[in-house]
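Starting from the known structure of chain A, arrange chain B on it as the hints suggest.
2 protein chains.
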Amino acid sequence: MHISILGGSGFLGRKVAARLAADGQLGGRDITALSLFDIVPPTAPAARFPVHCVGGDIAALPDAAIPDGTDVVFHLAAVVSAAAEADYELGRRVNVHGTEAVIDRCRRLATPPRVVFTSSVASFSGGQAAKLADDARQVPANSYGSQKAAAELFLADASRRGFLDAVNLRLPTVVVRPGRPNKAASGFFSGIVREPLLGLATDLPVPPDFVVWIASPRRAVDWLLHAASIATTTMGVDRGINPPGLSVTVASILNALDAVRPGASALVRRVFDPDIEKIVAGWPATFEQLRARSLGFQAHEPLVELVRAFVADDLEATRQERGLA
Amino acid sequence: MHISILGGSGFLGRKVAARLAADGQLGGRDITALSLFDIVPPTAPAARFPVHCVGGDIAALPDAAIPDGTDVVFHLAAVVSAAAEADYELGRRVNVHGTEAVIDRCRRLATPPRVVFTSSVASFSGGQAAKLADDARQVPANSYGSQKAAAELFLADASRRGFLDAVNLRLPTVVVRPGRPNKAASGFFSGIVREPLLGLATDLPVPPDFVVWIASPRRAVDWLLHAASIATTTMGVDRGINPPGLSVTVASILNALDAVRPGASALVRRVFDPDIEKIVAGWPATFEQLRARSLGFQAHEPLVELVRAFVADDLEATRQERGLA
Numbered sequence: 535m536h537i538s539i540l541g542g543s544g545f546l547g548r549k550v551a552a553r554l555a556a557d558g559q560l561g562g563r564d565i566t567a568l569s570l571f572d573i574v575p576p577t578a579p580a581a582r583f584p585v586h587c588v589g590g591d592i593a594a595l596p597d598a599a600i601p602d603g604t605d606v607v608f609h610l611a612a613v614v615s616a617a618a619e620a621d622y623e624l625g626r627r628v629n630v631h632g633t634e635a636v637i638d639r640c641r642r643l644a645t646p647p648r649v650v651f652t653s654s655v656a657s658f659s660g661g662q663a664a665k666l667a668d669d670a671r672q673v674p675a676n677s678y679g680s681q682k683a684a685a686e687l688f689l690a691d692a693s694r695r696g697f698l699d700a701v702n703l704r705l706p707t708v709v710v711r712p713g714r715p716n717k718a719a720s721g722f723f724s725g726i727v728r729e730p731l732l733g734l735a736t737d738l739p740v741p742p743d744f745v746v747w748i749a750s751p752r753r754a755v756d757w758l759l760h761a762a763s764i765a766t767t768t769m770g771v772d773r774g775i776n777p778p779g780l781s782v783t784v785a786s787i788l789n790a791l792d793a794v795r796p797g798a799s800a801l802v803r804r805v806f807d808p809d810i811e812k813i814v815a816g817w818p819a820t821f822e823q824l825r826a827r828s829l830g831f832q833a834h835e836p837l838v839e840l841v842r843a844f845v846a847d848d849l850e851a852t853r854q855e856r857g858l859a
Numbered sequence: 535m536h537i538s539i540l541g542g543s544g545f546l547g548r549k550v551a552a553r554l555a556a557d558g559q560l561g562g563r564d565i566t567a568l569s570l571f572d573i574v575p576p577t578a579p580a581a582r583f584p585v586h587c588v589g590g591d592i593a594a595l596p597d598a599a600i601p602d603g604t605d606v607v608f609h610l611a612a613v614v615s616a617a618a619e620a621d622y623e624l625g626r627r628v629n630v631h632g633t634e635a636v637i638d639r640c641r642r643l644a645t646p647p648r649v650v651f652t653s654s655v656a657s658f659s660g661g662q663a664a665k666l667a668d669d670a671r672q673v674p675a676n677s678y679g680s681q682k683a684a685a686e687l688f689l690a691d692a693s694r695r696g697f698l699d700a701v702n703l704r705l706p707t708v709v710v711r712p713g714r715p716n717k718a719a720s721g722f723f724s725g726i727v728r729e730p731l732l733g734l735a736t737d738l739p740v741p742p743d744f745v746v747w748i749a750s751p752r753r754a755v756d757w758l759l760h761a762a763s764i765a766t767t768t769m770g771v772d773r774g775i776n777p778p779g780l781s782v783t784v785a786s787i788l789n790a791l792d793a794v795r796p797g798a799s800a801l802v803r804r805v806f807d808p809d810i811e812k813i814v815a816g817w818p819a820t821f822e823q824l825r826a827r828s829l830g831f832q833a834h835e836p837l838v839e840l841v842r843a844f845v846a847d848d849l850e851a852t853r854q855e856r857g858l859a
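In order, the protein sequence lines correspond to chains A and B. Numbering of the first sequence is given in the numbering used here, commencing with residue 535 and proceeding in unit increments. Numbering of the second sequence is given in the numbering used here, commencing with residue 535 and proceeding in unit increments.
Isolated chain A (complex conformation) (with noise of 0.2 Å):
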């Protein structure tokens, strides 16, 4: 099977594409070939199969991007909360046209792929208090999770046209990211773990008792993955899943984390910020997660567990990358 990943050169797609490297098949079959597509043509891993790098811009998607032949798009392309929040327009064309572009592709295949898309928890509002169900209304409260949304309309739409056939995966915030800080709002949540393991104090812009709705990279790959192979016919016209994440506060994070380093804690500073707090306040922090269990993606592993997976996983990547001893 030919499988294509754009955002190829982001976190979550360089882990992607390092598993399907590892692991060699998909859902039982064998990968044939793998096409990685980002702004600039994303770094190959060393794989038994083929990898074509292309770089370009999504609006205007290459055809190399998602080659004919193509099964599993993981589309993972995106502009993210707030950098689209500080360039409507940028966010628009990447998080919107991109997708347009993605079901323009897929609609001129032979046979219409699985397209695995990464939504967002950013998508919805409630705050707090939230306990969202499976089929609460999306109300964003910011324009990435209004393009999201949107994103997620075009595709199931596009999936009951039979141009393509979407799953769309409303990721938690993902803890802990390695490497720099991003752009999003929601970076410091992984900052409070990453820094302090990296020996470097970092700011936390909400209070100890604020909860958020986070799943590991470990996780979040697997679910990715899992969407790629599981049975849509049951899905219906809604092609929307919110997974198992992990419903915690930043305190029992930081808990997490000092059970895992003892007192690396202390390098976390409280600097409340109410710009970010206004924006992360805004995502509901539980979910029911009915649908994603009848569906089969995995529940979350404690907290504890992420914090060792970081370590094993991005944590020496993350010091060379970034130049520290």
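These aren't lab readings, by the way, just hints derived from the structure by calculation. Please read these numbers as outputs of a predicted model, since none were measured by experiment. Virtual Cβ for every residue (Gly too), placed ideally from N, Cα, C.
Negatives, chain B to chain A, calculated, CB over 10 Å:
no., residue
1, 556
2, 582
3, 593
4, 602
5, 715
6, 756
7, 766
8, 767
9, 797
10, 809
11, 857
12, 859
Example chain B residues on the side facing chain A (calculated, C-beta under 10 Å, incomplete):
no., residue
13, 623
14, 669
15, 677
16, 816
Same frame as chain A, but now just chain B:
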């Protein structure tokens, strides 16, 4: 105040223009100018204020369609349900990219205008048994509904950002539409009243106990004008309104027809059409309307008045337009 109507040649656009021309004011403020925009320049109603008629493509919206100083935009331009289903690109271009062009134009005005947008019951699904709450999720089962729901998301986000100040009115199926049959899958709901009143036979493609959520043109125009004047401060990020339509069976529409013109329903032939039934059967038949009531949207008049209003307002003009004796 200066008002623009996009889709000024459509039947609701013409009714809104005629009403504004007759009233001379909106929400207690005198109208100083009216701009009408459509693919071909609309016809100006007689009015005490200047009326500018502009033709063009809404996805490449000319500035003259929404001139500097515009206070209120009625965005009624759309490719309707069956047409958007038949031509995917055309629906997307007008219903989605057209709305993006409206947002981009409004953003360049000195003062953010009120934008009254006609969304649709077709953006929901659930079918005959569904009674939808005000916060019901929009899960469209047709491209038109998907495009309308996405346009709502963009207009709500643009409101949050301060580019404009939108009210998204999800109109029920409007009955009785004057003139000729159009490409909407729901056209027959009007046809079964209009055609017999013209002395013409017509087809009913669904069973008599089929339940439909409708509004009269008079009530739809009232709601549009009301939406132009309400305070949006209490609406928050959710700019959608399900107005208080009528939930009625086809049989009760035919009874109202016979009450106004005894025996007229004999001209309605039962000719089941599974393609049309498949589209309209997905639309929910009842809504809760609590939000609309709290915002002062007027309750609907009884069915018999709806039929009488068509006879009073539109029957003669329809007869002339169609060259009937």
